[in-house]
Amino acid sequence: MEVVPVTIGSRGFASTSRRDWWWVTPLAIFIGLSSFVGYSTWAAFQNAHYAFGPYLSPFYAPEIWGDSPHAWFGPKPGFIPDWVPFSPALLILPFPALFRFTCYYYRGAYYKSFWLDPPACAVGEPRTGYRGEQSFPLVMQNIHRYFMWIAVIFLLLLSYDVWLALWFPAPGGGETFGIGVGTIVLAVNVVLLSCYTLGCHVMRHIVGGSYDEVSKHPVCDRAYACSTALNYKHQLFAWCSLFSVGFADIYIRLCSMGIWTDLRLL
Amino acid sequence: METQATFKIWRTHPGGDGTFQTFKTTVTEGMVVLDVVHKIQAEQAPDLAVRWNCKAGKCGSCSAEINGNPRLMCMTRMNELDTWEQITVEPMRTFPPIKDLVTDVSWNFRVKKGIKKFKPRPADQPDGTWRVAQRDVDRVQEFRKCIECFLCQDVCHVLREHNKHDEFIGPRFLVYAANLEMNPIDSDDRIPDLKEQHGIGYCNITKCCTKVCPEHIHITDNAIIPLKERVVSRYYDPVTRILRMFK
Chain V
1 MEVVPVTIGS
11 RGFASTSRRD
21 WWWVTPLAIF
31 IGLSSFVGYS
41 TWAAFQNAHY
51 AFGPYLSPFY
61 APEIWGDSPH
71 AWFGPKPGFI
81 PDWVPFSPAL
91 LILPFPALFR
101 FTCYYYRGAY
111 YKSFWLDPPA
121 CAVGEPRTGY
131 RGEQSFPLVM
141 QNIHRYFMWI
151 AVIFLLLLSY
161 DVWLALWFPA
171 PGGGETFGIG
181 VGTIVLAVNV
191 VLLSCYTLGC
201 HVMRHIVGGS
211 YDEVSKHPVC
221 DRAYACSTAL
231 NYKHQLFAWC
241 SLFSVGFADI
251 YIRLCSMGIW
261 TDLRLL
Chain Y
1 METQATFKIW
11 RTHPGGDGTF
21 QTFKTTVTEG
31 MVVLDVVHKI
41 QAEQAPDLAV
51 RWNCKAGKCG
61 SCSAEINGNP
71 RLMCMTRMNE
81 LDTWEQITVE
91 PMRTFPPIKD
101 LVTDVSWNFR
111 VKKGIKKFKP
121 RPADQPDGTW
131 RVAQRDVDRV
141 QEFRKCIECF
151 LCQDVCHVLR
161 EHNKHDEFIG
171 PRFLVYAANL
181 EMNPIDSDDR
191 IPDLKEQHGI
201 GYCNITKCCT
211 KVCPEHIHIT
221 DNAIIPLKER
231 VVSRYYDPVT
241 RILRMFK
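Chains as they are written, first to last, in the numbering used here: chain V, 1 to 266; chain Y, 1 to 247.
Bound conformation, chain V alone (with noise of 0.2 Å):
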């Protein structure tokens, strides 16, 4: 590539010329992001009050080894010494995290709030030198594809978690079909995170995207159509899907603790 090379320095860190409350966007995402890492790291370490009846907390679902009785395979096992700190949610929290992590409207959200990289549009940067997502470390993000499918595998597993906590312990013994407000507030958690996982970029660009001539593909075409859709939307649903996901946690934890009466609507 032919360069003439073009010698417009630096500024200096937050100078700029707009009027506008540029770090209020930063600002806030910053407080949004930094608020749910602290409450689900410590949500993930209480290892209690993650469920209550037929409701299971989504940061402990699935529950592999656990003490309640949605555990797959019973108590923890004997394998995992005592001194290691131990909370189903710790299996489980790292997967979902990283797909967030890695996926490319959290990336753009947060070299801006965090790493100031830029603080905003058209305003200066606190470091003159950078690599971009050109080498490493930021190279590693293209791992963001594998996530997507291990969150699809947890969106099946959620899926299962609402359809189960549509059974309530029968009085007499057994169980009964029945809807409760947990039981709503798991299934929008549930339409949240699908919206998404499946309007996500790399879902996006394997379900067609990476055709020229998609139309040539009738289902990848379909396929393709919806996840546009959906990605039009992606931010919101980031968003969302964020939000829901710590008050279903929230939701069933104080229901568990007694705070909160969980309404039976049918």
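Derived from the structure by calculation, the hints contain no laboratory data. Treat the hints with care, as some may be off.
[What the hints assert, rightly or not] List of simulated lysine to any residue pairs, SDA-like, C-alpha gap at most 20 Å: (1) Y:Lys195 / V:Glu133; (2) Y:Lys8 / V:Ser17; (3) V:Lys216 / Y:Val137; (4) Y:Lys195 / V:Trp23; (5) Y:Lys8 / V:Gly173; (6) Y:Lys195 / V:Val139; (7) Y:Lys211 / V:Thr25; (8) V:Lys216 / Y:Arg131; (9) Y:Lys164 / V:Glu133; (10) Y:Lys195 / V:Ser135; (11) Y:Lys195 / V:Ser210; (12) Y:Lys211 / V:Ile29; (13) Y:Lys211 / V:Trp23; (14) Y:Lys211 / V:Ser17; (15) Y:Lys8 / V:Arg18; (16) V:Lys216 / Y:Lys195; (17) Y:Lys211 / V:Leu27; (18) Y:Lys164 / V:Lys216; (19) Y:Lys211 / V:Pro137; (20) V:Lys216 / Y:Lys8; (21) Y:Lys247 / V:Asp212.
[What the hints assert, rightly or not] Some chain V residues flagged as far from chain Y (calculated, every beta-carbon gap over 12 Å): (22) Ile31; (23) Phe36; (24) His49; (25) Lys76; (26) Trp83; (27) Cys103; (28) Tyr104; (29) Leu138; (30) Met140; (31) Val152; (32) Tyr160; (33) Arg253; (34) Ser256.
Beta carbons are placed, not taken as given, at the ideal position from N, Cα and C, and that holds for glycine.
With chain V's structure known, arrange chain Y on it following the hints.
This is chain Y only, laid out in the frame that chain V set:
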């Protein structure tokens, strides 16, 4: 209705550096920033240099930074701005200044020459024509709306803050490359160039380019990220590479 407005316009000095010069003027209903600049040029500063052409947001000539935001002067209505405060008008900061609001954007045209040109596949029909589905054309049609105002290049921090002009082609030419690479008739392969020479990995998806585009092209979502994913499939995804070996 006439209102008073104070404009701070960037003026270059013979030595190459510059300062803001303040102008007070009246603005009337319906004016855009370019009208005001022309009024100041006519009444107060006949040597004020400004590049413009169509005054309709289609030629991409009058790009500048208005109150720090990269915008077309002809598409920025005065009633969008607060005339109680001084309004700043600066040249695009990513490109070398020539005079006042005029910058040297020729770097962009040299970059464009470095991108592989359109190379159609053999014709589908005996009469030398092709058959392409409309929705496959629609996908790249969005990219053809670009008016080459270079506002996206101006706001891109890789160029603006880090001066990676020799390693990164910028959002405008990633859109240009996407237009060719995703074209249903084109047969050339630009993926290796995008990774090695055009520096697509430098983009960190801050979407500033999308925000300033006067044609509302979804630069990041529809051009850059799909190209990034093609690069990932080619170079970073071992499963895709193995699958490609069996095809």
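Point to revise | Restraint status (C-alpha distance of Lys8 of chain Y to Ser17 of chain V at most 20 Å) | key: The given pair, whose Cα atoms are some 11 Å apart, holds under the 20 Å limit.
Check your understanding: Beyond 12 Å from every Cβ of chain Y: is that where the Cβ of Ile31 of chain V lies?
Key -> Nearest chain Y Cβ is 19 Å from Ile31 of chain V, so the label holds.
Review point. When you check the alpha-carbon spacing of Lys195 of chain Y and Ser210 of chain V, does it fall within 20 Å?
Key: With Cα atoms ~16 Å apart, Lys195 of chain Y and Ser210 of chain V stay inside 20 Å; holds.
Point to revise | Lys164 of chain Y paired with Lys216 of chain V [C-alpha distance capped at 20 Å] | key: Distance of about 39 Å is beyond 20 Å: violated.
Practice item. Find the nearest Cβ of chain Y to the Cβ of Tyr160 of chain V and say whether that gap is larger than 12 Å. Key: 26 Å, holds
Point to revise | Given pair status - Lys195 of chain Y, Lys216 of chain V, alpha carbons within 20 Å | key: Roughly 28 Å between the alpha carbons, so the hint for Lys216 of chain V and Lys195 of chain Y is violated.
Practice item. Would you mind confirming whether the straight-line C-alpha gap from Lys247 of chain Y to Asp212 of chain V stays at or under 20 Å? Key: 17 Å, holds
Check your understanding: Lys8 of chain Y and Gly173 of chain V: Cα distance at most 20 Å?
Key -> Since the Cα atoms of Lys8 of chain Y and Gly173 of chain V sit roughly 79 Å apart, the hinted pair is violated (cutoff 20 Å).
Check your understanding: Do the alpha carbons of Lys8 of chain Y and Arg18 of chain V lie within 20 Å of each other, as the hint requires?
Key -> 13 Å, holds
Review point. Given the hint that Lys211 of chain Y pairs with Trp23 of chain V, does the C-alpha gap stay at or below 20 Å?
Key: 16 Å, holds
Check your understanding: Taking C-beta pairs only, is Met140 of chain V more than 12 Å away from all of chain Y?
Key -> 9 Å, violated
Practice item. Compute the least Cβ-Cβ separation between Leu138 of chain V and chain Y, then decide whether it is above 12 Å. Key: 7 Å, violated
Of the numbered hints given earlier, the model fails hints 4, 5, 16, 18, 19, 20, 27, 28, 29, 30; all others are met.
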